[in-house]
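Take the sequences, apply the hints, and build the full model.
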Amino acid sequence: MKIVVPIKLVPDLVEELTINDSGTALDMTWLRLIINEFDDHAIEQAILLKEKSGGDVIVLAPDGEGVDDMLFTATAKGADQVIKLIGNFEDGVNSHALARAFSDVIKDLQPDIVLTGVQAHDDQDGSVGPLLAEFLGMPYIGYISGVDLENGKALTKKEYPGGLIGEMEIILPAVLGIQAAEQPPRYVAISKVRQASKTSAIDEREVTDLNQSGGPIIDRMFQPEAGEKATMIDGDEEEIAAKLIEIFEELGVL
Amino acid sequence: MAQTTVSKSASFSETFYSSLFDVTDGERIRTCLQCATCSGACPFGYLMDYPPGRMIGLLRADKFDMVLDSDTIWMCVSCFACTEFCPKNIPLTPGLLTRAKEEFLLAGTIPQELQDAFENSQRYGNPLGESPRKRADWAKDLPSEVTILRKEKRPVDVLWFVGDYPSYHPRVQETSRAMVKLFNLLNVDFGILGPEENSDGDSQRLAGESGLFEVLAEKNGKVFDKYQFNEIITTDPHAYNAIKNEYPKLGIEYPVRHYTEFLADHLDELQKLLKENGKTRVTFHDPCYLGRANDIYDEPRALLNAIPGVDLVEMSHNRTNSLCCGGGGGGMWLDGFQWEKAHTRLSEWRVREALLVEADVLAVACPYEAPRFEDAAKTVKGAENLIVKDIVELLFDALAT
Amino acid sequence: MNQDIYVVIEHLQGQVADISFVMVAAAKTLAQETGGQVVGLLLGHNAQEMAKTLSADRVNYLDHPALAEFTSDAYINVLSKIISAEAPRAVLLGNTSIGADIASALSVRLGLPLVNSCVSFSADGKFTAQICGGKIMTEGSLPEPTALATMIPGGYKPEDGQSAQPPHITPVAIDEIDDLRVKFVNYIEPEAGDVNISEESILISIGRGIQTEDNIELAEELAELLEGTVCASRPVVDQGWLPTSRMVGKSGQRVKPKLYLAMGISGAPEHIEGITDSEVIIAINTDATAPIFDIAKYGANIDMLDLLEELIDQAEESKGG
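The listed protein sequences correspond, in order, to chains A, B and C.
Just so you know, we're using our numbering here: the first sequence kicks off at 1 and counts up by one.
Just so you know, we're using our numbering here: the second sequence kicks off at 1 and counts up by one.
Just so you know, we're using our numbering here: the third sequence kicks off at 1 and counts up by one.
One should not assume that every hint holds.
[As the list claims (entries may be wrong)] With a straight-line Cα cutoff of 27 Å, these simulated BS3-like cross-link-like pairs (lysine-lysine) come out:
no., chain 1, residue 1, chain 2, residue 2
1, A, K84, A, K107
2, A, K157, C, K256
3, A, K229, C, K256
4, C, K183, A, K52
5, A, K192, B, K219
6, A, K107, C, K183
7, C, K258, C, K28
8, B, K140, C, K135
9, C, K297, B, K134
10, A, K229, C, K183
11, A, K243, C, K157
12, B, K244, B, K226
13, B, K341, B, K381
14, A, K229, B, K134
15, C, K258, A, K243
16, B, K249, A, K192
17, B, K134, B, K153
18, B, K378, A, K229
19, A, K157, C, K135
20, A, K192, B, K222
21, B, K151, B, K219
22, B, K219, A, K198
23, C, K28, A, K229
24, C, K256, A, K243
25, A, K50, C, K183
26, C, K126, C, K28
27, A, K50, A, K153
28, A, K153, C, K183
29, A, K198, B, K222
30, C, K297, A, K229
31, B, K249, B, K275
32, B, K181, B, K244
[What the hints assert, rightly or not] Chain C is faced by these chain A residues, among others (derived, beta-carbon under 10 Å):
no., residue
33, D56
34, K158
35, D219
Hints are computed from structural coordinates only; laboratory data are not their basis.
Computed from a predicted model, the values in this text were never measured in an experiment.
For each residue, glycine too, the CB sits at the ideal point set by N, CA and C.
Pasting the structure below:
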């Protein structure tokens, strides 16, 4: 069973985001990148599948700051092979370009199942998972929170709002968009990651053409106005309560 | 040695046991009397499946893997009480508990809150997950400017290692600001590292992440190397412990003092600046990493006694048997887990002890403590009026200017 | 050239999802500019009734047993043929467990550009989209000749996409749908039991300021009057005064109510994490410097217990008269 997990790095929202000079994209110079949280879940789900049903886990990521550490962490968690895509990724690539790049490499790997995060917060033109599925000619289900493999099929749990789950069967090979792994991404001790970086390798694949067609053209990127502090209501309890009742009525709550 | 017919390969218990000898004085574990003083001294010993004494028993019975099946090891707050009272002077905290936690980590089983703190420490240089660029924001808009070494690039007398909570936690930032005023009044030529400072890593180390500790220490070591200063002063006993006792093992060696030692040295000068602010009954909580871990008990008391109007009283657990606030060894990031098991907090016990001696003020000297004790005071009956302040803040309040 | 705006109607277990109405409302804005019609695309089996409340100009209803429950493969199969044949000006889909499963595939299969996570459209056909958890907004023109766009809620009220007058409903025949690689098996219903606060619209949240277990009754009274639910920050749950299902925050639940009334809650970062999706936060706390006031819309510096009694009296008056 070959389980392939393509992942990407996204802007870390802990830091301030700034917009570049042309006003149409994020300024990449000061951007801190972290692994897309849903991709982290995809790695975890892949390792769980390997522990449940055996197989090999291959993790792929595009080159970027911190990618080596991320891939060695995957190795330390149990990935059998990690591959870094080398290409012109510094200025940022959209999901279509990344999905195309992944599909070229993944085709050759001939996976049984591809797991990737269902979405990323910087997806302006759709998510990598469903795009990749179509490029590979594979079926796709997203918002997955449980996977079991059986004879050429995967039985999945798809999340709908309000806690409703839809159980769906999908024929392999297939791409699944992971919402949550069956358990939270495990912790791996830093000493293990360091050891992985000394004893294992990251394979590389060149990506020559990053075709970004399929996305929107942005005229303007901006930050919404910063929030202000609370408007304070003065007075004694009667006055404050009265004002609150007014607000409740305005909101349609009373 | 006699030939055995069955092949003998080292069991997990044996391998683990041998690894303990690598810790300074670690071989003393062989002399354990199984007296259970450690388990009795441990504040959460009553809740552990395998408190220290029992762990050693299991090691000897070649059944240490049983310990890995229990999660109560995370009740240990690395408070050094077991180490302090062991009649055979076995270094239990570093030489057993911390090593055991490392095994849990390697096995990948740790509570989620702790995992988040580790991941944040690695990514952002602080367990709180705050932006590293904002580490010195607490020092903006102060009446006097605080020298950030990267910007000013000049030699200073004192490098003030501020620490995570004093940099980012709103309550503890107040202590930092008070410290600035005191340094200025004493004409101390000091600088801080600001965004270049990383977590000292000591609590992460004690919670089992030795690899993370090394990464953080190395980063700090490189930054220390860049600047010229005569000594490091820190307001954080955990950072003090790390820089004094652990960093040298990694080749990072600098003279370091805790601020209580430093200020006690300047006591005559300081005394002249203090005025009486009314009579207050003050009790001092000995931080584990200042007291038991580093034998500093007198300097904080000297400072408190120097404040006119202060009547210093001792709680029942004081000095060597001080009762941990519960924050050390990862405790700050295990609150949910420990609450689930204990349904009580060590900080609440301590607040009750302060009430028993009718203290108006609970004085502290470690950044974990003010927020922990203030939270505890909100839920302990009768503690609504208890004031919790760092010694720095009490000195600041007593300044004549 | 076809200037119609198509909306892929999302429905689950016999109910039309709110996002469908939001998209119809959005489509109406767009259709004004293009001069086309708002066309709902309803896929299902024996599901024609669901088209009735849509405020579209017309609804094309496609019935097939394979469409009885949503599956990505069947929907992509059917929609790609329609869009390819009819080439509307734009197709709106939800950025949801339904829409997001199919939008990207359509983009690749049909070679059409896709704009993700749109909040609204302007009268002159520009989109405004939201990324990075709402920290970044983008604007641009909808690509020509046919644009695919996924939408998130927030820019339009569902009511604006509804109508008492049913639209014109056209049944459309479908060719066989074969080679389906995804099969719906069954639903697993969520656990019955205590309230799911993450789905509640009005939340009265209490913190340490409630002081005793008995006082929670007051919060419950107010909640009842406002038809809301009581929830709490961690310390209250730790005391055992409310079940963990009511806990809001990093270790508890993320909530997204219309109204979040935070009483006696200081606003520690772990708590704030759980409430940033709230529409309106009102904070009551005796500490004027409590961090909760940094993110609340309204605040009052008063003891929550004093306020609760008064608020209950006045709310009763306002309701009962």
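Each hint, compared with the structure:
no., hint, verdict
1, K84(A) with K107(A), "holds (16 Å)"
2, K157(A) with K256(C), "holds (24 Å)"
3, K229(A) with K256(C), "holds (20 Å)"
4, K183(C) with K52(A), "holds (23 Å)"
5, K192(A) with K219(B), "holds (19 Å)"
6, K107(A) with K183(C), "holds (24 Å)"
7, K258(C) with K28(C), "holds (25 Å)"
8, K140(B) with K135(C), "holds (25 Å)"
9, K297(C) with K134(B), "holds (25 Å)"
10, K229(A) with K183(C), "violated (50 Å)"
11, K243(A) with K157(C), "holds (26 Å)"
12, K244(B) with K226(B), "holds (19 Å)"
13, K341(B) with K381(B), "holds (22 Å)"
14, K229(A) with K134(B), "holds (20 Å)"
15, K258(C) with K243(A), "holds (18 Å)"
16, K249(B) with K192(A), "holds (20 Å)"
17, K134(B) with K153(B), "holds (19 Å)"
18, K378(B) with K229(A), "holds (26 Å)"
19, K157(A) with K135(C), "violated (31 Å)"
20, K192(A) with K222(B), "holds (23 Å)"
21, K151(B) with K219(B), "holds (18 Å)"
22, K219(B) with K198(A), "holds (19 Å)"
23, K28(C) with K229(A), "violated (36 Å)"
24, K256(C) with K243(A), "holds (23 Å)"
25, K50(A) with K183(C), "holds (24 Å)"
26, K126(C) with K28(C), "holds (13 Å)"
27, K50(A) with K153(A), "holds (15 Å)"
28, K153(A) with K183(C), "holds (11 Å)"
29, K198(A) with K222(B), "holds (22 Å)"
30, K297(C) with K229(A), "holds (7 Å)"
31, K249(B) with K275(B), "violated (44 Å)"
32, K181(B) with K244(B), "holds (26 Å)"
33, D56, "violated (23 Å)"
34, K158, "holds (7 Å)"
35, D219, "holds (5 Å)"
When held up to the earlier numbered hints, the structure conflicts with 10, 19, 23, 31, 33 and fits the remainder.
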